[in-house]
Amino acid sequence: MDFHEEAFVLSARSHGDTGAVVDLLTENHGRRSAYVAGGASRKMKPFLQAGARVVADYRARTSDHLGAVRLEPVGEGPSALFDDALALTGLAAAAGVTQGALPEREPHPGVFLAFEALMAAFEMPAVWPAIFVRFEAGLLEDLGFGLDLSKCAATGTADDLIYVSPRTGRAVSRDAGAPYADKMLPLPPFMLGAQSGLIEGDVRAGFDLTGHFLEQFVFHPQNKPLPPARVWMLDKLGDAGRL
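Heads up, the sequence shown is in the working numbering, so the first residue is 361 and it goes up one at a time.
One thing to keep in mind: the hints can contain errors.
List time: in silico DSS-like cross-link candidates among lysine-lysine, alpha-carbon distance up to 27 Å [what the hints assert, rightly or not]:
#	residue 1	residue 2
1	K543	K405
2	K584	K543
3	K543	K511
4	K584	K596
Because the hints were derived from the structure by calculation, they are not lab data.
Take the sequences, apply the hints, and build the full model.
Structural data, given as structure tokens:
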């Protein structure tokens, strides 16, 4: 039950007088909770923040026990974003969505790599909200609930796809979806290809789309709401005119 690899901190909470329990996202061992001796110390707290990249030396007697982990920081971590309050809200939301969606101890290397890319994107204010939407779509796919945006569910055409069925997650063309337009979810063009530009409302539509399916397929079955940090992020993006 031992491993040594890089990880991202998703959350940390105090445990006892001096320790902490940290939730980590690893590439090869999935999401793991572990005890950090001395985790409540002033020295340790800076790299127990959500989004911090660390090297984790993890040990556990069995797969059912809470393991213990020693952590070493890698790079600047969230401190690089301290001057960008909006990016910090995005980082907290990314950690909350990932922690809430992923089962513990189930490897999801694709999610780790996507999370890594999203962490880098937070340094690019103009694009990270759209990349966050793509991250959530990828998370859904990795969990087995991927959206099928390749062709119209009704006609098979790949042209003029502007809706998504809220029931199946499949794309629908303009003509096929017109009679049911009030029941469909809008499909923003940037989710169909990297070359599509963004117009006002596209990012909001993207978050509405991924949020609908995260709630329906991932969080509702666990009797949990969408993470409050995600709701807070959307409020702040809306206030900033970034949706």
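We went through each hint and held it up to the structure:
{"no.": "1", "hint": "K543 x K405", "verdict": "violated, 47 Å"}
{"no.": "2", "hint": "K584 x K543", "verdict": "holds, 25 Å"}
{"no.": "3", "hint": "K543 x K511", "verdict": "holds, 19 Å"}
{"no.": "4", "hint": "K584 x K596", "verdict": "holds, 22 Å"}
Of the numbered hints stated above, the single one contradicted by the structure is hint 1.
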